[in-house]
Amino acid sequence: MNKKQIAITLGIMCLILTMGTVVQVRTINSANQIVAQSFADNELRDQVLRWKERYDTTYANLQNAEKKLEEVRETASANTEGSEEKEAELKKNNMLLGLTNVTGEGVVVTLKDNDAVDSSKVLDLSNLLVHDGDLLGIVSELKNGGAEAISINDQRIVSTSSITCEGNVISINGEKVSSPFVIKAIGRPTMYSALVRPGGTIEYLNSRIIATISQEDNITINKYNGVISSKYMQYDE
Amino acid sequence: MILIAIIIGCIIGAVIGVFAPMVSYTYSGYLAIAIIAALDSVFGGIVATLKKNFNLTIFVTGFFGNAILAILLTILGEKLNVDIYLAAIVVFVGRMFTNLAIIRRYYVDVVMKKIEEKKSKKKVENEK
Numbered sequence: 360m361n362k363k364q365i366a367i368t369l370g371i372m373c374l375i376l377t378m379g380t381v382v383q384v385r386t387i388n389s390a391n392q393i394v395a396q397s398f399a400d401n402e403l404r405d406q407v408l409r410w411k412e413r414y415d416t417t418y419a420n421l422q423n424a425e426k427k428l429e430e431v432r433e434t435a436s437a438n439t440e441g442s443e444e445k446e447a448e449l450k451k452n453n454m455l456l457g458l459t460n461v462t463g464e465g466v467v468v469t470l471k472d473n474d475a476v477d478s479s480k481v482l483d484l485s486n487l488l489v490h491d492g493d494l495l496g497i498v499s500e501l502k503n504g505g506a507e508a509i510s511i512n513d514q515r516i517v518s519t520s521s522i523t524c525e526g527n528v529i530s531i532n533g534e535k536v537s538s539p540f541v542i543k544a545i546g547r548p549t550m551y552s553a554l555v556r557p558g559g560t561i562e563y564l565n566s567r568i569i570a571t572i573s574q575e576d577n578i579t580i581n582k583y584n585g586v587i588s589s590k591y592m593q594y595d596e
Numbered sequence: 066m067i068l069i070a071i072i073i074g075c076i077i078g079a080v081i082g083v084f085a086p087m088v089s090y091t092y093s094g095y096l097a098i099a100i101i102a103a104l105d106s107v108f109g110g111i112v113a114t115l116k117k118n119f120n121l122t123i124f125v126t127g128f129f130g131n132a133i134l135a136i137l138l139t140i141l142g143e144k145l146n147v148d149i150y151l152a153a154i155v156v157f158v159g160r161m162f163t164n165l166a167i168i169r170r171y172y173v174d175v176v177m178k179k180i181e182e183k184k185s186k187k188k189v190e191n192e193k
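As you go down the protein sequences, you meet chains Z and G in turn.
Heads up: the first sequence runs through residues 360 to 596, numbered per my numbering.
Heads up: the second sequence runs through residues 66 to 193, numbered per my numbering.
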């Protein structure tokens, strides 16, 4: 074998080696950068990525379908008699269901984990954290005070919403949210006094975590971006 | 000539690697072991060159054979639920260290010989 052949063979081998190395480095960088011990972990990671992708595409489809539905609704109501009344009713119903963005006066409550206290001097660290119960208490108090629309960290509270604890995060509408929690509520101004009264929820929470409340004139609350579906209930005449 | 071919190969390989599609995370483990095996062959080749018994055919077959064998063993280990890839890594990396030690000794010897030659020359000059 002459020198030229040797050079070409070595060049091709170097090409393959560097290509493999670069591809591998890119793959590892794009993954979670956690060195996995077993291949079962990798399988799970793969699946998570795949499901995320599928979720994104499905969500985009949903958005498209909603747009189309809106168009169809508009044309349908434009063609029939008494359409304006119907449309107004539809809008009102959607607003009540939480399917449209709404604005109005109300209050903004902020709950934060307490980081002002030295954690080494506290007996139970969990006392310094915001729990699902705290959020539930605030939401109940707001509803009791006359709130018409509530959202926590832009998750709209609708009829199917749940606020649950999922390890170190809180799940609202199936989406994970974490501290600081900004709770916006539109409704009667009496909500404010209901929360700040002596011995009320805000005062009680401030003994553990950091809770602040403010009254605002112009709050915008985003719509619920999931789907409210029913399977078991049926319309009763 | 050979050095130029190696450098060009490395550059083109890196460019292709940047634009090539990513491997799924499941298979990246196999690729990693193939890379380790290939690197081991490269070090083996360098040692063979230093010892002046380099044979291109043996080098090429070792390069690809080791990589493919390592991947196959990893797959087999996964099927049997034994981490065979650990053994492959231990063998390859261990051999890499041995080869590196041989390369180091070779060059240390070369440098030491040169220094001693200089010293002996000076001694001869001083005696004169």
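None of these hints come from the bench; they were simulated from the model.
Keep in mind it's a predicted model, so treat the numbers as computed, not measured.
All C-beta atoms in this analysis are idealised placements derived from N, C-alpha and C, irrespective of residue type, glycine included.
Any given hint might turn out to be false.
[Claimed, not checked] Chain Z stretches covered by chain G per the calculated footprint, using a threshold of three residues with CB under 8 Å from any CB of chain G:
id: 1; segment: 380–386
id: 2; segment: 402–416
[Unchecked claim] Across the chosen pairs, the derived CB separations fall in these ranges:
id: 3; chain 1: G; residue 1: M177; chain 2: Z; residue 2: I365; range: 28 to 34 Å
id: 4; chain 1: Z; residue 1: N388; chain 2: G; residue 2: F129; range: 43 to 49 Å
id: 5; chain 1: G; residue 1: D174; chain 2: Z; residue 2: Q364; range: 28 to 34 Å
id: 6; chain 1: G; residue 1: I140; chain 2: Z; residue 2: N388; range: 23 to 29 Å
id: 7; chain 1: Z; residue 1: Y418; chain 2: G; residue 2: L141; range: 37 to 43 Å
A quick look at each hint next to the structure:
Look at the segment 380–386 of chain Z against chain G: 6 of its residues bring a Cβ nearer than 8 Å to a Cβ of that chain, three or more, so the hint holds. With 4 residues carrying a beta carbon less than 8 Å from a beta carbon of chain G, the segment 402–416 of chain Z meets the three-residue requirement, and the given coverage holds. In this structure the hint that M177/G and I365/Z lie 28 to 34 Å apart at CB holds, the actual value being about 31 Å. The hinted range of 43 to 49 Å is not satisfied by N388/Z and F129/G, whose Cβ atoms lie roughly 27 Å apart.
For the pair D174/G and Q364/Z, the supplied restraint of 28 to 34 Å holds, since their beta-carbon distance comes to about 32 Å. A hinted range of 23 to 29 Å holds for the C-beta pair I140/G and N388/Z, which are about 25 Å apart. With their beta carbons about 41 Å apart, Y418/Z and L141/G fall inside the hinted range of 37 to 43 Å.
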